[in-house]
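Using the sequences provided together with the hints, build the complete structure.
Residue numbers (our numbering), protein chains in the order written: chain A, 130 to 481; chain B, 130 to 481; chain C, 130 to 481; chain D, 130 to 481.
Simulated from the structure, these hints should not be mistaken for lab results.
Result set (EDC-like, lysine to aspartate or glutamate): computed pairs, CA atoms no more than 16 Å apart in a straight line:
#1 C:K203 x C:E163
#2 A:K227 x A:D436
#3 C:K428 x D:E389
#4 C:K477 x D:D240
Source: prediction; values computed, not measured.
4 protein chains.
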Amino acid sequence: MANSIGKSLVFTSFGESHGPFIGGVLDGFPANIEIDFNFIDQELKRRRPGQSELSTKRNESDACEIISGVFNGKSTGAPIAFLIPNNDHNSKDYEQLKSVYRPGHADFVYDKKYGIRDYKGGGRSSARTTASWVVAGALAKLLLIKSFDCQIQSVVASVHDINVPEIYTVDWSQAEQSIVRCPVPAISAKMEEKIKQARDSGDSLGGTIATKVTNCPVGFGEPLFDKLNADLAKSIFSINAVKGIEFGKGFASTLMYGSEYNDGALSLDNKEGGITAGISNGHSIEFLTAFKPVSSISKPQNVMDTDGEIRELIIEGRHDPCVLPRAVPIVEAMTALVVADHSLLNLKFTKI
Amino acid sequence: MANSIGKSLVFTSFGESHGPFIGGVLDGFPANIEIDFNFIDQELKRRRPGQSELSTKRNESDACEIISGVFNGKSTGAPIAFLIPNNDHNSKDYEQLKSVYRPGHADFVYDKKYGIRDYKGGGRSSARTTASWVVAGALAKLLLIKSFDCQIQSVVASVHDINVPEIYTVDWSQAEQSIVRCPVPAISAKMEEKIKQARDSGDSLGGTIATKVTNCPVGFGEPLFDKLNADLAKSIFSINAVKGIEFGKGFASTLMYGSEYNDGALSLDNKEGGITAGISNGHSIEFLTAFKPVSSISKPQNVMDTDGEIRELIIEGRHDPCVLPRAVPIVEAMTALVVADHSLLNLKFTKI
Amino acid sequence: MANSIGKSLVFTSFGESHGPFIGGVLDGFPANIEIDFNFIDQELKRRRPGQSELSTKRNESDACEIISGVFNGKSTGAPIAFLIPNNDHNSKDYEQLKSVYRPGHADFVYDKKYGIRDYKGGGRSSARTTASWVVAGALAKLLLIKSFDCQIQSVVASVHDINVPEIYTVDWSQAEQSIVRCPVPAISAKMEEKIKQARDSGDSLGGTIATKVTNCPVGFGEPLFDKLNADLAKSIFSINAVKGIEFGKGFASTLMYGSEYNDGALSLDNKEGGITAGISNGHSIEFLTAFKPVSSISKPQNVMDTDGEIRELIIEGRHDPCVLPRAVPIVEAMTALVVADHSLLNLKFTKI
Amino acid sequence: MANSIGKSLVFTSFGESHGPFIGGVLDGFPANIEIDFNFIDQELKRRRPGQSELSTKRNESDACEIISGVFNGKSTGAPIAFLIPNNDHNSKDYEQLKSVYRPGHADFVYDKKYGIRDYKGGGRSSARTTASWVVAGALAKLLLIKSFDCQIQSVVASVHDINVPEIYTVDWSQAEQSIVRCPVPAISAKMEEKIKQARDSGDSLGGTIATKVTNCPVGFGEPLFDKLNADLAKSIFSINAVKGIEFGKGFASTLMYGSEYNDGALSLDNKEGGITAGISNGHSIEFLTAFKPVSSISKPQNVMDTDGEIRELIIEGRHDPCVLPRAVPIVEAMTALVVADHSLLNLKFTKI
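And the structure:
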């Protein structure tokens, strides 16, 4: 269960890394929106493995076919379903994983929860499934851009101990020119170096991604339990490696006095991160997401096998030493889905 | 909309701070569970204003009446509804707030979203409503304790710049003896001092709360979009002042190498915080929540009024200088609701 | 579970017949709608027991108190919660029912499903709970009237073998003047006579109720699984005694040829009953609901007891010999909730 | 929106009649259930057009490919997604329909609701989409058979004025041998004759389908708003041509006295149709569904075009003169989905 997210705009995901397709269904998308197929492809390319020397060499072409819900280039109000073929299921890489529980992966908990596990590439728990999130997110972005000129951008704010100070105030316009997706070229170069070192030593890195939503209208978010920040947090924690999230000043706000923090409607420095009492307040929505280091490393490690014995494991598959650059479009996609959902939840009853 | 939370165990909240009652409905609660009314009262007392010299002097007796769903002391499977009378609506404190937008409060966004605002004590957005969350959470705790001996405890980990190092490894058994609800007496004393200083200067403080769920069975959490950590994050962000959350090593994990972080099924140090790939892994669930400083301060501040003009405001109501001690049972309640909901979502189909 | 109905306008019901209150929460009600308290009272009076010599003598004053969601006479967007006190719990009538399963009642299935049963007046399964549906329905009616001048009316179309031919084409304006709520005075008189006979012989009757929704805008209803007729059918089957429903020509349409039936957009005789392919088509929505005879009769009957033995039972409580007249406002209420919900689901995304 | 149905077992449908695929996602299906692919194919064949001389000549091969959620022949707990290619989109048949509103079809209401319409074969509103319902229903049937030996069968009870008296008491075992799917051979032959006459005169017929669920455990169905009969009614009204439904004695019960009707737990004649107070009572669940005559007829008819003008239309596509025989597996599928969903909603919390 629970392969759907959203209330008015409902995204349902399906597929495993080693089946014929992964895909999704986006239900509740308004009719008569022009669908820009190139934009969807561009977004998928940003997530694609092998896009730079920093990422896995797996060849996922990630061609997306929309199979319903669009007629003559426009949405019809019917559910938009799409498929992405899996054309590189190199399953032999995974046969050794049948009887071990990889650290940080779903292997152990799936076995306990379901009593059966598709061990090929993680099956359903594979990060491969996020390609379909990116497609759904691209559709959500199209809706937000055309409706409100509302834009969503994420950038890499830190890789391991290399970070961009004051990430929300620096210029983000060059981030996509960096293969790390860090907006500051000099810092980006250092991050790149760090990632290569980790890769060469068979290790992996974590880091943080900053996200900014601009032109989000005031009033998105439901007051009590479907707060905009609450729904964003939920959607972002759907990404496997995420271990933390903070809005605006976040954890740093705990070190301020109320008199110092209070900015409310006057504030120019947006300590709230664009959301007050769960509702967008007209400022940019700003939040930071923490990613743990990638779980799959090629260094030998001691792991538990399915008989409860300790065993040495060397993971031979092709894995990113740092997912941050490729996680950027995934964070954006989940953000877009939530903001677009709330745009529909916030429709006004004007007939009165 | 969105005054309900949960999928199998659904909590619906209603009421405003200055109406006759606040209350809630807990639907999906299994039948035949003994309901310990004293326990519910105890939990409410832990949230009650005026419980110590550190908190507001408002007198909320918080007597809870269960009006349905319980028969001869046991749950019947019918929705458990309950009421908590509001017996201290000192509304004159609030008349001045009719035409200003208090910083950090819902005033501005409610006006923009709904075009109407109950300005008495924040109306629906008042923290008063969390009393009903505590009742629902107490019921969820009863379910978890009786079913799995699963226990939930939160403690204050930091107040402003005073914090407990290695919060998850210190002994938490004395936390309730501290009026700050900090488990380390020496640090608790410093926090108390700090809060009194803030109170005396008309200012306010934030801090962090650590939460631990023990004896949570392996397998709670749905793999994709209803991950256990995702649902916990959503529920915790429902608390107004929350600005960040992290599980296990959280943001600190971004500074580790994969080879250092990987602990998986072997781990004794629980860097994952008890949840892997969104599913409980058998370790204690551990997470840290960041609270911004209390928005209502008695120091004069410049605020925007409903005409868009800047005006000086002195908030005269009675407010906590630091909500952390009283937020502890609220964090526990939201945690309990989520874990109990997932216990029902995880029921096994054994008839096959 | 499942004490809520609706997607955008969510009604949650709580309470048992012999607790202190029954009540409900209506979430998603738009802000700034004037709440006509007199209208709500009127609607409750139409459902009230003892309103005529045809109905039970139970005295339910059915005074409704709205405890949240309304400020200065207008809805605020917060959940509207309300309570109706139960002031005539004459529980001794019911003690004999502890160990028998009344025919046609929930007694047996509740015991099997939950292993515990509130035997006082049916507890949660009591028709008493429908009083709260009527309040929620009254609020939904207010919304529909003010927004679209959309009106909902139900009338008694048949009692046992006495029926109004061509029920949708006769004048319904006098129905409320009849104590049976039948629109044709001569037929109403015969129904009244029939009901008195049944009452005097300790027996009960069923019948049918016709419903008409006028001025429902074109386009309400979702195409696939939340069709307007599907949601109406679901809501109407929530009423315990309902055994059948048909829209437009209903079962009689099975006896027509396609060439005879097809009326589509041209039709003046509305064979479709106002809904085509699940979506309102601009004609009046018309449907007929079948009620089985009242289960509680005072004639002695053989029943099963909780030990599986056969026993003679004489039900001594005060029960309607025919629920149809009092079921009219309940059918209207469930209809109003569904149509109002769909009015919100049909809000247009106009910002594009 | 609203292309999903179910609470614990959620079926999401997608696809249009003239896109590359239709398909669906079944989420919440328990792990470790053996998937019998032959059975799914058999069920699809029962719905397939062209299966007999009574149905349309359209060639829909209806080969179903399961693309996720099954591993080594067993369900994994991941969502089961499947595709059915559309290999006979003879779109030229439909070009003439671009500017007219066919009677009884979704054409007019879709145009008004969405402002855009996929006029090729009805697009999303095409009965073609029910093929995916049959696949999901087949999976649900597998779950019910293996878990409870719970079986679902539907038969044709009437075609136009030819009907089987006492449909629930006759032997249904030979129904699949009849091309009409009527269980009584002599009556089946008359129905066949009637259908051929209608076909030859370019007209169409309606009728009724009876459904029986055997071995449904006591206790399925939620007491208030998710009653088993309410959810069944909702799911059955999802089928486009359905205009009425009745359980057990249905509309005929309105002609009985209470003393005559009451059978409760004693009853051998199952007047309730296996459901009391919304919950399965251990008897067979029995209900009757009314289908209006097929909307598409080849006789010339006057219709409205998109300019509001009246125009003569001759529908040239290939359409069934009577959908009843092919609707049988669709009714069974929707029934199976609902009963299987309720089997999961009824899982007991046994850890207490």
